[in-house]
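So the protein sequences, as listed, match chains B and V. The opening position of the first sequence corresponds to residue 5 in my numbering, with each subsequent residue numbered one higher. The opening position of the second sequence corresponds to residue 5 in my numbering, with each subsequent residue numbered one higher.
Among the hints, erroneous ones may be present.
The list treats identical chains as one, so a pair stands whether inside a single copy or across any two.
[Stated by the list, open to error] Below, in silico cross-link-like pairs of lysine to any residue (SDA-like), each with a Cα-Cα straight-line distance of 25 Å or less:
| id | residue 1 | residue 2 |
| --- | --- | --- |
| 1 | K67 | G19 |
| 2 | K98 | P217 |
| 3 | K155 | V42 |
| 4 | K98 | K222 |
| 5 | K30 | L178 |
| 6 | K222 | D252 |
| 7 | K30 | N127 |
| 8 | K222 | V65 |
| 9 | K67 | D9 |
| 10 | K30 | G125 |
| 11 | K222 | L178 |
| 12 | K30 | Q225 |
| 13 | K97 | D286 |
| 14 | K155 | R278 |
| 15 | K30 | T147 |
| 16 | K155 | A46 |
| 17 | K222 | T179 |
| 18 | K30 | G113 |
| 19 | K97 | E180 |
| 20 | K30 | G90 |
| 21 | K222 | G125 |
| 22 | K67 | R278 |
| 23 | K155 | L178 |
| 24 | K97 | G170 |
| 25 | K222 | D286 |
| 26 | K97 | A271 |
| 27 | K97 | G172 |
Hints in this document: simulated from the structure, not taken from any laboratory. For clarity, every value in this text was computed on a predicted model and none was experimentally measured.
Protein chains: 2
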Amino acid sequence: MLFADRLALAVRESGSITCVGLDPRKAQLPAPLRDSVVNDSADEWAAAYTQFCTEIIDVVVGKVACVKPQAAFFEQLGPAGMVALGQVIQYAKKAGLLVITDGKRNDIGSTATAYADGYLGENSPWGSDSLTVSPYLGEDSLTPFVEMCDKRAAGIFVLVKTSNPGGGLLQDRLTEGQTVYQRVAELVTEFNSSRLGESGYGPVGTVVGATYPEQLAKLRQAMPGSWILVPGFGAQGGGAADVLVGLDEDGLGAVVNSSRHIIFAHARDEYRQRLGDARWQDAVAEATSAMNAQLSR
Amino acid sequence: MLFADRLALAVRESGSITCVGLDPRKAQLPAPLRDSVVNDSADEWAAAYTQFCTEIIDVVVGKVACVKPQAAFFEQLGPAGMVALGQVIQYAKKAGLLVITDGKRNDIGSTATAYADGYLGENSPWGSDSLTVSPYLGEDSLTPFVEMCDKRAAGIFVLVKTSNPGGGLLQDRLTEGQTVYQRVAELVTEFNSSRLGESGYGPVGTVVGATYPEQLAKLRQAMPGSWILVPGFGAQGGGAADVLVGLDEDGLGAVVNSSRHIIFAHARDEYRQRLGDARWQDAVAEATSAMNAQLSR
Numbered sequence: 005m006l007f008a009d010r011l012a013l014a015v016r017e018s019g020s021i022t023c024v025g026l027d028p029r030k031a032q033l034p035a036p037l038r039d040s041v042v043n044d045s046a047d048e049w050a051a052a053y054t055q056f057c058t059e060i061i062d063v064v065v066g067k068v069a070c071v072k073p074q075a076a077f078f079e080q081l082g083p084a085g086m087v088a089l090g091q092v093i094q095y096a097k098k099a100g101l102l103v104i105t106d107g108k109r110n111d112i113g114s115t116a117t118a119y120a121d122g123y124l125g126e127n128s129p130w131g132s133d134s135l136t137v138s139p140y141l142g143e144d145s146l147t148p149f150v151e152m153c154d155k156r157a158a159g160i161f162v163l164v165k166t167s168n169p170g171g172g173l174l175q176d177r178l179t180e181g182q183t184v185y186q187r188v189a190e191l192v193t194e195f196n197s198s199r200l201g202e203s204g205y206g207p208v209g210t211v212v213g214a215t216y217p218e219q220l221a222k223l224r225q226a227m228p229g230s231w232i233l234v235p236g237f238g239a240q241g242g243g244a245a246d247v248l249v250g251l252d253e254d255g256l257g258a259v260v261n262s263s264r265h266i267i268f269a270h271a272r273d274e275y276r277q278r279l280g281d282a283r284w285q286d287a288v289a290e291a292t293s294a295m296n297a298q299l300s301r
Numbered sequence: 005m006l007f008a009d010r011l012a013l014a015v016r017e018s019g020s021i022t023c024v025g026l027d028p029r030k031a032q033l034p035a036p037l038r039d040s041v042v043n044d045s046a047d048e049w050a051a052a053y054t055q056f057c058t059e060i061i062d063v064v065v066g067k068v069a070c071v072k073p074q075a076a077f078f079e080q081l082g083p084a085g086m087v088a089l090g091q092v093i094q095y096a097k098k099a100g101l102l103v104i105t106d107g108k109r110n111d112i113g114s115t116a117t118a119y120a121d122g123y124l125g126e127n128s129p130w131g132s133d134s135l136t137v138s139p140y141l142g143e144d145s146l147t148p149f150v151e152m153c154d155k156r157a158a159g160i161f162v163l164v165k166t167s168n169p170g171g172g173l174l175q176d177r178l179t180e181g182q183t184v185y186q187r188v189a190e191l192v193t194e195f196n197s198s199r200l201g202e203s204g205y206g207p208v209g210t211v212v213g214a215t216y217p218e219q220l221a222k223l224r225q226a227m228p229g230s231w232i233l234v235p236g237f238g239a240q241g242g243g244a245a246d247v248l249v250g251l252d253e254d255g256l257g258a259v260v261n262s263s264r265h266i267i268f269a270h271a272r273d274e275y276r277q278r279l280g281d282a283r284w285q286d287a288v289a290e291a292t293s294a295m296n297a298q299l300s301r
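Can you build the whole structure from these sequences, using the hints too?
Pasting the structure below:
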């Protein structure tokens, strides 16, 4: 089944548009996992990251649409962290969860092909369902990723309008009535036009931040064939009303990411006293349910 | 010593502005290295990549300004490839060569910090001198990298005007007399202004393709404090005259990358019959000398 259709199915079956961001960070891991690291070695931290993420997966499977491991935090540990990333992706897939690997990779020509093959290819050491991709290098830098999507029924998510305050510096620049991010959106629509699945969506998803709800609503109209990954919900300030405008009439077309608010829920005021580090998995479960409730219409 | 000053020293001491791109690819490795892979395992290929790159380093050390391993090709092999990337970086540094890791990484906030720490930080598993970075996410996505440069006397190279035909799609868009890539150049100049070393250059380098010599010449003027990494020489069609406009009056300020033309020189018409796969290292040596000669004024 095509990636876009698998994502539609995952949203329907889970009844959730939540994407759980798997962003392990040493300092914020629950105490039991931090304490398991005795010698401060990369291998130990990598094992702690794997355990943290796989336990989260156990908690959220069936309750969310997908998970999004953030490559940077695994990569920060070095090769041992990359092993952990592969383990987490494989664990999530076996559990039946779709995986968006957040790497924001990009390059030109055969180098882009190497990234596409590396993360999405037949013998991929990571074997992700999809990958986030940066568009600065233009359409020919995206083509190798799109071709890999065709070959492997995979997906990509191209950065369009990001959630950070500085994102507008380049993305909002207006040329003949069209911003840079709108030009990227147009390109994505072109890529998808001949590749739409039964769900009405194509393999080229996009990233549009929850912190820009007006733009999100317009982009939903402008890119009818693109799944939108919406970061910035919760910790970054976007609310439910801000993100629901990313959905189509059938409640499809967008997944909303939350990382810190869910995975480090044990440290939030709502859960710290009652659950705390010892019952961090319960905090993840409650925070996931709370987010699903917020996002259900 | 600051990264920019170390690069100036490397150019002066080697008498070369050549940067050798370390882009190992399975199919193009010289036969002796391809033949060393018996079981087609990632570990074997990673070992072959390490041997290939370290032998190239042995050949070019003292004759070139720096080397640029391309993360994508190592990453394509999975964690084993990332181990090889670390080995290659360490080998080059011990040999006295400056290393630009070509990862085109970027993200926002603390995630960008994780990348910066991962590749340039104190306990970096890769320990590179510098990293290529993509600017689509704006200034606040670059700040964590610049701060890591300050902390570690490291460098980054921000994509400005890339060598591929599709690069113009976003980069050339004109808003109130300024293109997107000129806006990035301006931002780079701001970052460097308070960070210039004795060489007159700062830690925030840029990537400007050899395939756009007019823009390269103008960018040289517009970004007096930025080292320019110039890809696209040789295999991608840029000639010597096209890239020399990237230099300042002292012959500093730009390094010119060549990957395939040097590392796979054994397969080029000039060297194939006489040297071929068996003497691929000699082909690398001759191709390096030839490129240095082309670029010497």
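The hints, checked one at a time:
no.	hint	result
1	K67 / G19	within (7 Å within a copy, 61 Å between copies)
2	K98 / P217	neither (34 Å within a copy, 51 Å between copies)
3	K155 / V42	neither (44 Å within a copy, 28 Å between copies)
4	K98 / K222	neither (36 Å within a copy, 53 Å between copies)
5	K30 / L178	neither (41 Å within a copy, 43 Å between copies)
6	K222 / D252	within (12 Å within a copy, 46 Å between copies)
7	K30 / N127	between (30 Å within a copy, 14 Å between copies)
8	K222 / V65	neither (32 Å within a copy, 54 Å between copies)
9	K67 / D9	within (18 Å within a copy, 54 Å between copies)
10	K30 / G125	between (30 Å within a copy, 15 Å between copies)
11	K222 / L178	both (16 Å within a copy, 23 Å between copies)
12	K30 / Q225	neither (40 Å within a copy, 44 Å between copies)
13	K97 / D286	within (22 Å within a copy, 47 Å between copies)
14	K155 / R278	neither (49 Å within a copy, 40 Å between copies)
15	K30 / T147	between (36 Å within a copy, 22 Å between copies)
16	K155 / A46	between (35 Å within a copy, 22 Å between copies)
17	K222 / T179	both (18 Å within a copy, 22 Å between copies)
18	K30 / G113	between (36 Å within a copy, 16 Å between copies)
19	K97 / E180	neither (44 Å within a copy, 48 Å between copies)
20	K30 / G90	both (18 Å within a copy, 22 Å between copies)
21	K222 / G125	neither (33 Å within a copy, 40 Å between copies)
22	K67 / R278	within (23 Å within a copy, 64 Å between copies)
23	K155 / L178	neither (35 Å within a copy, 36 Å between copies)
24	K97 / G170	neither (34 Å within a copy, 35 Å between copies)
25	K222 / D286	neither (37 Å within a copy, 58 Å between copies)
26	K97 / A271	neither (28 Å within a copy, 42 Å between copies)
27	K97 / G172	neither (35 Å within a copy, 38 Å between copies)
Comparing the model with each earlier hint shows violations of hints 2, 3, 4, 5, 8, 12, 14, 19, 21, 23, 24, 25, 26 and 27; every other hint is respected.
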